[in-house]
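There are 2 protein chains.
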Amino acid sequence: MVIHGGAGTILRQNMTPEMEKAYIDTLTIALRTGYQILARGGSSLDAVEATIRVMEDSPLFNAGKGAVFTSEGTNELDASIMDGRTLGAGAVAALQHVRNPISLARLVMEKSPHVMMVGSGAEEFAKSQGVKLVSPHYFWTERRWKAYEAAKARADSGKSGAVPGEERKLGTVGAVALDKAGNLAAGTSTGGTNMKRFGRVGDSPIIGAGTYANNLSCAVSGTGDGEFFIRNNVAADICARLRYSGVSIQQAADDVVMKELVAQHGEGGVIAMDRKGNIATPFNSAGMYRGWVTSDGKITVKIYKEN
Amino acid sequence: MVIHGGAGTILRQNMTPEMEKAYIDTLTIALRTGYQILARGGSSLDAVEATIRVMEDSPLFNAGKGAVFTSEGTNELDASIMDGRTLGAGAVAALQHVRNPISLARLVMEKSPHVMMVGSGAEEFAKSQGVKLVSPHYFWTERRWKAYEAAKARADSGKSGAVPGEERKLGTVGAVALDKAGNLAAGTSTGGTNMKRFGRVGDSPIIGAGTYANNLSCAVSGTGDGEFFIRNNVAADICARLRYSGVSIQQAADDVVMKELVAQHGEGGVIAMDRKGNIATPFNSAGMYRGWVTSDGKITVKIYKEN
Numbered sequence: 001m002v003i004h005g006g007a008g009t010i011l012r013q014n015m016t017p018e019m020e021k022a023y024i025d026t027l028t029i030a031l032r033t034g035y036q037i038l039a040r041g042g043s044s045l046d047a048v049e050a051t052i053r054v055m056e057d058s059p060l061f062n063a064g065k066g067a068v069f070t071s072e073g074t075n076e077l078d079a080s081i082m083d084g085r086t087l088g089a090g091a092v093a094a095l096q097h098v099r100n101p102i103s104l105a106r107l108v109m110e111k112s113p114h115v116m117m118v119g120s121g122a123e124e125f126a127k128s129q130g131v132k133l134v135s136p137h138y139f140w141t142e143r144r145w146k147a148y149e150a151a152k153a154r155a156d157s158g159k160s161g162a163v164p165g166e167e168r169k170l171g172t173v174g175a176v177a178l179d180k181a182g183n184l185a186a187g188t189s190t191g192g193t194n195m196k197r198f199g200r201v202g203d204s205p206i207i208g209a210g211t212y213a214n215n216l217s218c219a220v221s222g223t224g225d226g227e228f229f230i231r232n233n234v235a236a237d238i239c240a241r242l243r244y245s246g247v248s249i250q251q252a253a254d255d256v257v258m259k260e261l262v263a264q265h266g267e268g269g270v271i272a273m274d275r276k277g278n279i280a281t282p283f284n285s286a287g288m289y290r291g292w293v294t295s296d297g298k299i300t301v302k303i304y305k306e307n
Numbered sequence: 001m002v003i004h005g006g007a008g009t010i011l012r013q014n015m016t017p018e019m020e021k022a023y024i025d026t027l028t029i030a031l032r033t034g035y036q037i038l039a040r041g042g043s044s045l046d047a048v049e050a051t052i053r054v055m056e057d058s059p060l061f062n063a064g065k066g067a068v069f070t071s072e073g074t075n076e077l078d079a080s081i082m083d084g085r086t087l088g089a090g091a092v093a094a095l096q097h098v099r100n101p102i103s104l105a106r107l108v109m110e111k112s113p114h115v116m117m118v119g120s121g122a123e124e125f126a127k128s129q130g131v132k133l134v135s136p137h138y139f140w141t142e143r144r145w146k147a148y149e150a151a152k153a154r155a156d157s158g159k160s161g162a163v164p165g166e167e168r169k170l171g172t173v174g175a176v177a178l179d180k181a182g183n184l185a186a187g188t189s190t191g192g193t194n195m196k197r198f199g200r201v202g203d204s205p206i207i208g209a210g211t212y213a214n215n216l217s218c219a220v221s222g223t224g225d226g227e228f229f230i231r232n233n234v235a236a237d238i239c240a241r242l243r244y245s246g247v248s249i250q251q252a253a254d255d256v257v258m259k260e261l262v263a264q265h266g267e268g269g270v271i272a273m274d275r276k277g278n279i280a281t282p283f284n285s286a287g288m289y290r291g292w293v294t295s296d297g298k299i300t301v302k303i304y305k306e307n
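One line per chain: the protein sequences are A and B, in this order. So for the first sequence, my numbering puts the first residue at 1; every next one is plus one. So for the second sequence, my numbering puts the first residue at 1; every next one is plus one.
Hints listed in this document are in silico derivations from the structure and should not be mistaken for laboratory results. Glycine is no exception: its CB is placed at the ideal position from the N, C-alpha and C atoms. Check each hint, because a few of them may be wrong.
Unchecked claim - Listed below are the simulated EDC-like cross-link pairs for lysine to aspartate or glutamate, each with C-alpha atoms no more than 20 Å apart in a straight line:
| no. | chain 1 | residue 1 | chain 2 | residue 2 |
| --- | --- | --- | --- | --- |
| 1 | B | Lys152 | A | Glu124 |
| 2 | A | Lys127 | B | Glu20 |
| 3 | A | Lys152 | A | Glu142 |
| 4 | A | Lys298 | A | Asp25 |
| 5 | A | Lys302 | A | Asp254 |
| 6 | B | Lys305 | B | Glu124 |
| 7 | B | Lys127 | A | Glu72 |
| 8 | B | Lys305 | B | Asp254 |
| 9 | A | Lys302 | A | Glu124 |
| 10 | A | Lys152 | B | Glu124 |
| 11 | B | Lys298 | B | Glu72 |
| 12 | A | Lys127 | A | Glu142 |
Said to hold, decoys possible - A few chain B residues that don't get close to chain A, going by computed Cβ distances all over 12 Å:
| no. | residue |
| --- | --- |
| 13 | Thr28 |
| 14 | Trp140 |
| 15 | Thr141 |
| 16 | Glu149 |
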């Protein structure tokens with residue numbers, strides 16, 4: 001199984017040893033959670049959901065608790081999940097009261113005839129499924145609020161463009177997994193971009209863009225400039241290259257992330273795994289929180305380009 | 001240029017000569033509108049938008065005026081458009097006050113940094129762009145309201161499942177075009193499914209599912225069971241087969257619509273055009289409102305399987 005916790009301008013000089021340790025520890029716990037499910041014969045879908053829940057519950061990542069704020073000072077959460085065995089898929093967007101969006105995406109997949117539900121309708125469905133809604137205050141963290149205030153002050157003073165530095169857009173989380181039965185699954189969860197406006201929906205809840213899984217090819221979760229991921233149909237296109245061109249997962253992922261996205265100045269990265277368990281984790285940004293666990297339980301976690 | 005006005009259980013025995021003529025006339029006007037733009041050297045994007053506006057403004061189709069009703073008795077409109085030259089794309093969902101969703105999708109593409117906007121945020125953006133919002137009453141038609149009342153009565157009486165017959169889900173509209181400069185474009189617009197619930201979003205506003213265009217491969221617009229179109233990434237997958245497998249547009253479209261979707265019991269059809277102007281219009285339902293115009297201005301319109 002492979003996970004990511006977002007790609008972007010992650011530089012060692014901007015990181016304290018404490019922050020670095022916190023990220024590594026949480027990514028390790030997330031991987032161990034998924035591994036334990038897979039090791040005892042659980043499904044890749046269960047592993048993906050449980051692993052992403054760990055990251056949603058952590059304030060470190062821009063998903064669930066710790067999500068960034070919209071221009072209105074609210075949190076709007078998106079997620080999607082896909083089962084490579086059945087092509088079953090679920091996606092939710094613009095949630096304001098759901099603690100674990102990835103689990104609601106799975107409920108949409110399994111308990112509704114639909115694939116995608118948004119806004120208050122999605123939350124009404126959540127209630128009908130017995131999901132306890134949380135107060136919007138649950139998602140609040142001081143770090144993201146300060147980032148919002150800084151971005152808002154900048155916007156109010158008439159300066160355009162994004163806030164420089166680490167807080168711009170970071171921390172979408174995702175996971176891909178292969179289980180003992182040979183089934184692939186993928187999932188992605190995000191709080192969107194800081195100061196986002198106008199009911200913007202990024203790539204994370206878009207099946208084919210931020211998330212795709214098909215046992216015939218591969219499983220992919222992406223993170224980065226969502227608009228570029230949608231236009232390039234990134235997750236599904238990597239799978240299509242495997243399926244129709246017969247290239248390796250590494251080449252397919254590199255061709256999309258390191259060539260096509262770079263040519264368009266679209267920043268980001270993906271995690272990808274084929275049905276034999278080969279993985280690729282290319283990113284064209286300074287860093288990407290990422291890690292993987294092999295079938296023997298060995299966990300690797302990396303943050304920067306060099307490690 | 002090729003257009004569709006929805007696929008489904010369209011049978012000659014359920015159609016009056018007057019209805020048939022109305023559909024043929026409107027599809028012809030829509031095609032002529034697009035052709036005139038292309039013939040004078042206009043862009044495929046302009047042709048797609050103008051053609052879809054004709055169908056949105058017609059009460060015959062489930063898009064714009066004449067949209068079906070949600071379970072709450074409201075209209076919620078979705079649309080998307082894509083430029084094969086730049087991969088620029090715009091998508092809107094869950095609109096309640098926008099007369100021409102396809103034009104707002106184009107504004108999202110050209111006047112915002114985003115690809116997808118939903119709900120009141122999308123309408124706020126519309127206002128900021130000078131789009132005049134309309135009363136929800138504008139979308140009301142007696143035919144769709146009766147279909148809603150019939151479906152609601154059926155639901156309230158405890159019967160499950162869809163209402164039989166023509167009104168179930170019909171009339172999503174779409175267009176693909178190739179202009180003199182060799183650029184492809186695609187667009188799709190819909191009112192969703194009758195009695196839809198829970199903020200459901202179908203495939204029409206999902207770039208890659210209902211709409212895709214890439215000058216390297218083809219342009220596609222789909223109509224049918226939206227959930228199957230999302231899971232199978234239908235529009236982009238047809239383009240990927242052309243690009244990576246090198247098959248013809250007819251084979252790529254047939255393999256997806258007549259094999260993969262049929263195997264999954266997903267009903268619907270697509271219109272597709274490659275960069276040489278070859279077209280394919282497969283559908284696995286009883287009928288699909290469809291038509292095309294060739295570069296010499298010859299217009300063909302069909303409804304049923306046989307013609």
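Structure-based check of each hint:
Straight-line distance between C-alpha atoms of lysine 152 of chain B and glutamate 124 of chain A comes to about 19 Å, which keeps the hinted pair within the 20 Å bound. With a C-alpha separation of about 44 Å, the suggested pairing of lysine 127 of chain A with glutamate 20 of chain B is violated against the 20 Å cut-off. Among the hinted pairs, lysine 152 of chain A with glutamate 142 of chain A is consistent with the structure: their alpha-carbon atoms are about 15 Å apart, no more than 20 Å. Distance restraint check for lysine 298 of chain A and aspartate 25 of chain A: the Cα-Cα separation of roughly 15 Å lies within the 20 Å cut-off, and the hinted pair is therefore satisfied.
At most 20 Å may separate the alpha-carbon atoms for a hinted pair to count; lysine 302 of chain A and aspartate 254 of chain A meet this at roughly 18 Å. Restraint check for lysine 305 of chain B and glutamate 124 of chain B: not satisfied, since their Cα atoms lie roughly 42 Å apart, outside the 20 Å limit. Taking the CA atoms of lysine 127 of chain B and glutamate 72 of chain A, the gap is about 17 Å. The hint holds against a cut of 20 Å. Restraint check for lysine 305 of chain B and aspartate 254 of chain B: the C-alpha separation of about 15 Å stays at or below 20 Å, so the hint holds.
Between lysine 302 of chain A and glutamate 124 of chain A the alpha-carbon distance is near 39 Å, which puts this suggested pair outside the 20 Å criterion. Proximity of lysine 152 of chain A to glutamate 124 of chain B is assessed by CA-CA distance (about 19 Å); at most 20 Å being required, the pair is judged to hold. For the suggested pair lysine 298 of chain B and glutamate 72 of chain B, the alpha carbons sit about 43 Å apart, so the restraint of at most 20 Å is broken. Straight-line distance between C-alpha atoms of lysine 127 of chain A and glutamate 142 of chain A comes to about 29 Å, which puts the hinted pair past the 20 Å bound.
Residue placement check: threonine 28 of chain B keeps its beta carbon more than 12 Å from all beta carbons of chain A (closest about 33 Å). Even its closest Cβ contact with chain A, about 21 Å, leaves tryptophan 140 of chain B beyond 12 Å, as expected for a residue assigned away from the interface. Annotated as non-interface, threonine 141 of chain B keeps its C-beta farther than 12 Å from every C-beta of chain A; the closest such distance is 23 Å. The Cβ of glutamate 149 of chain B sits about 21 Å from the closest Cβ of chain A, beyond the 12 Å cut-off, so the non-interface label holds.
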